[in-house]
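Asks: Listed below are the residues making up each chain.
There are 2 protein chains.
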Amino acid sequence: MNEKNTPKGFLFSTAEAAIKKPGRKDLALIYSQKEAVVAGMFTTNKVKAAPVKLDMKRIMSGEGRAIIVNSGNANACTGKQGLDDAKEMAELIAKGLNIKSSLVYVASTGVIGTPMPMERIRNSIPSLIQDIGKASIDDVARAIMTTDTFPKIVSKKIKIGKSICTVSGICKGAGMICPNMATMLCFVLSDISINKDALSRALKESVELSFNRLTIDGDMSTNDTVIVMANRIAGNKPVLYGSDEYIKFSKTLIQITDELARMIARDGEGATKFVEVSVKEATSVADAKKAALIVANSNLVKTAIFGNDANWGRIMAALGYSGIKMRENKVDIFFNKIQVVKDGIASGNDKEAGEELKKKDIKITIKLKLGKASANIYTCDLTEDYVKINAEYRT
Amino acid sequence: MNEKNTPKGFLFSTAEAAIKKPGRKDLALIYSQKEAVVAGMFTTNKVKAAPVKLDMKRIMSGEGRAIIVNSGNANACTGKQGLDDAKEMAELIAKGLNIKSSLVYVASTGVIGTPMPMERIRNSIPSLIQDIGKASIDDVARAIMTTDTFPKIVSKKIKIGKSICTVSGICKGAGMICPNMATMLCFVLSDISINKDALSRALKESVELSFNRLTIDGDMSTNDTVIVMANRIAGNKPVLYGSDEYIKFSKTLIQITDELARMIARDGEGATKFVEVSVKEATSVADAKKAALIVANSNLVKTAIFGNDANWGRIMAALGYSGIKMRENKVDIFFNKIQVVKDGIASGNDKEAGEELKKKDIKITIKLKLGKASANIYTCDLTEDYVKINAEYRT
Numbered sequence: 001m002n003e004k005n006t007p008k009g010f011l012f013s014t015a016e017a018a019i020k021k022p023g024r025k026d027l028a029l030i031y032s033q034k035e036a037v038v039a040g041m042f043t044t045n046k047v048k049a050a051p052v053k054l055d056m057k058r059i060m061s062g063e064g065r066a067i068i069v070n071s072g073n074a075n076a077c078t079g080k081q082g083l084d085d086a087k088e089m090a091e092l093i094a095k096g097l098n099i100k101s102s103l104v105y106v107a108s109t110g111v112i113g114t115p116m117p118m119e120r121i122r123n124s125i126p127s128l129i130q131d132i133g134k135a136s137i138d139d140v141a142r143a144i145m146t147t148d149t150f151p152k153i154v155s156k157k158i159k160i161g162k163s164i165c166t167v168s169g170i171c172k173g174a175g176m177i178c179p180n181m182a183t184m185l186c187f188v189l190s191d192i193s194i195n196k197d198a199l200s201r202a203l204k205e206s207v208e209l210s211f212n213r214l215t216i217d218g219d220m221s222t223n224d225t226v227i228v229m230a231n232r233i234a235g236n237k238p239v240l241y242g243s244d245e246y247i248k249f250s251k252t253l254i255q256i257t258d259e260l261a262r263m264i265a266r267d268g269e270g271a272t273k274f275v276e277v278s279v280k281e282a283t284s285v286a287d288a289k290k291a292a293l294i295v296a297n298s299n300l301v302k303t304a305i306f307g308n309d310a311n312w313g314r315i316m317a318a319l320g321y322s323g324i325k326m327r328e329n330k331v332d333i334f335f336n337k338i339q340v341v342k343d344g345i346a347s348g349n350d351k352e353a354g355e356e357l358k359k360k361d362i363k364i365t366i367k368l369k370l371g372k373a374s375a376n377i378y379t380c381d382l383t384e385d386y387v388k389i390n391a392e393y394r395t
Numbered sequence: 001m002n003e004k005n006t007p008k009g010f011l012f013s014t015a016e017a018a019i020k021k022p023g024r025k026d027l028a029l030i031y032s033q034k035e036a037v038v039a040g041m042f043t044t045n046k047v048k049a050a051p052v053k054l055d056m057k058r059i060m061s062g063e064g065r066a067i068i069v070n071s072g073n074a075n076a077c078t079g080k081q082g083l084d085d086a087k088e089m090a091e092l093i094a095k096g097l098n099i100k101s102s103l104v105y106v107a108s109t110g111v112i113g114t115p116m117p118m119e120r121i122r123n124s125i126p127s128l129i130q131d132i133g134k135a136s137i138d139d140v141a142r143a144i145m146t147t148d149t150f151p152k153i154v155s156k157k158i159k160i161g162k163s164i165c166t167v168s169g170i171c172k173g174a175g176m177i178c179p180n181m182a183t184m185l186c187f188v189l190s191d192i193s194i195n196k197d198a199l200s201r202a203l204k205e206s207v208e209l210s211f212n213r214l215t216i217d218g219d220m221s222t223n224d225t226v227i228v229m230a231n232r233i234a235g236n237k238p239v240l241y242g243s244d245e246y247i248k249f250s251k252t253l254i255q256i257t258d259e260l261a262r263m264i265a266r267d268g269e270g271a272t273k274f275v276e277v278s279v280k281e282a283t284s285v286a287d288a289k290k291a292a293l294i295v296a297n298s299n300l301v302k303t304a305i306f307g308n309d310a311n312w313g314r315i316m317a318a319l320g321y322s323g324i325k326m327r328e329n330k331v332d333i334f335f336n337k338i339q340v341v342k343d344g345i346a347s348g349n350d351k352e353a354g355e356e357l358k359k360k361d362i363k364i365t366i367k368l369k370l371g372k373a374s375a376n377i378y379t380c381d382l383t384e385d386y387v388k389i390n391a392e393y394r395t
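Here the protein sequences line up with chains A and B, keeping their order.
Mapping the first sequence onto this note's numbering, position 5 (from 1) lands on 5, and the numbers just tick up by one.
Mapping the second sequence onto this note's numbering, position 377 (from 1) lands on 377, and the numbers just tick up by one.
For the record, the hints were derived by calculation from the structure and aren't laboratory data.
Treat the hints with care, since some could be wrong.
[As the list claims (entries may be wrong)] Which chain A residues face chain B? A few, computed with CB under 8 angstroms, are given here:
1) Cys77
2) Ile129
3) Gly133
4) Lys134
5) Ser221
6) Leu300
7) Gly307
8) Ile345
The structure presented is a predicted model; accordingly, all values stated were derived computationally and were not measured.
Virtual Cβ for every residue (Gly too), placed ideally from N, Cα, C.
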């Protein structure tokens, strides 16, 4: 990414702490030169990683200066020791940067249930502090990857009053991805000046429309974290909730998280295809979302797409057990623009649709023809590589 | 199976109708020489196959004489034509056997959404009729296989009064298996004399404790059918609900369906291992069942087991998002007898547990330590072969 696309006043560094194994940067620091307004959303899993527990308390203040992130170890199911370790990571960063520890957030991703290798982390923190400013936001995106195959970063500029503000998001995804929230770490940084309440509402809305519309494997993680920091350096008049500027910012945030969510789906573990499931003409948005999610989580649908097989019967079966309001003889189904089901039965285009499925971008459109509500879910196909990656994950 | 293990008064035949492709018997007939008491349970999927719709009406009478079964085509999502085809199949059998059409049940399994190849079926029915008695119950179990790798049959004898009664069950499973009910066809035949109400209640109880405790891939099919026929030929005094004889019969039926359910799990598509998830000390049976089911349906748990990786963190994560009452720091987890989690954190036995996972029979025991309720779910591991089988199913 062009440096010009990085929001003003943020500095970065990365280090190799060999958390899971040596050979790559697995520790990263995000630092705002000025105190920032902060909002966050976290996993709704009852089993929460230690850093999530820590951040959920700290974020109540709405303020922050730094985030330390590691890959390779989730620091989840690690008991009291895990909490102590997360606190110590924040503490060491706070001392090194000479800021209050309560302004430091911690995010971890990786294996569950293994204690953090604190000695190696302690040894790496001095270089993280010393090197601050030497890394780019791209380097951070790379350091937080686990089974991701490419770094995920989206950046936009918006004009607020006379000020040009930059909003940049990075995230990691790949596996253990299911809505509420999608399993992942995501950090959005901006130099915009925005009121705390406005930032928090904009984040909530954008997550609902992006990461909460994403599933890779139906498994929800213990570590999902989205943190947004806005450090005011762009110098605009503070954006308030409900204003025109708010709407502008909110739209930009939605665009960024939507693009990141699509990237996560495209880079699902072992995925060869990006799949969007769009349910239309349902009786309620809740039904549309539920149906889209059940189709998107069906192993049988996902393997058929991997095999370029327009096996729409599996979609009909999934709709049937989804529990939503539906009438079999009203359902229409399309793979991209090719209709395979009309009024619940075959349209006779399976062969043509099978050819269409060879594309890398598949949109499954399901029309229930009962109402006016719709919802979309992003996912990917299920491949032999998904199994291979997850059978060998800890080895 | 020894012929002596077949209930008296049932005759069988099979034929090759090349429904999906030639080369195997894919049509079977079960015929009771005497009118039988019949009970059935069917898929709760809103999208029901034509034969399911037909059978659900006919079974209200509680009477039956014959079942025609085919593999290779599910006759689901086939509209009015599908219903006409199912009716015609029953009609042709009824004419050939000179019985009432309403006493003939139809069961189909295979591809969804493709019209039945009725010409080939019509041509095969005369030989089905002519050959009645030439096939064994084993041959029928073989003819109803789709992606199953072995036929599934369980037979028991019980003494009711002075009569020896035989109860034999056959089923097919393999994929699209999820409770309520497990996706499959199952036929239980007996020469016992039993009251209609008693038969129906015994079936319901046994299905709840067996097929409804089974998941392969979380996908519920459109065709699930369990039919039990009792033709009274053993000559015992009719068994009434609640009697000692009822309890004896009910226990036998539970044993049979439980063994069949375990066979289905062991023969899950691509499976290398039988997995039983046992949740104990939950606050309610509903919670215990829900938790066991969510763990059993987790792709991440199932791939870890395939990879002999005692990655219990994925089980903790699944428990956390299951929505049940749980306290992270109370959970104990065992792989067979090896404890991997104590009070929510590692017991340090992952390596030993990894060795244990190389076995073909894995029991995951989860103690929530909150109450006294428990539940078990049967499943299997998730392998690259599952993906391969389902990516190529229709080709």
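Asks: Which earlier hints can't be squared with this structure?
Replies: When the structure is compared with the hints, numbers 2, 3, 4 turn out to be violated.
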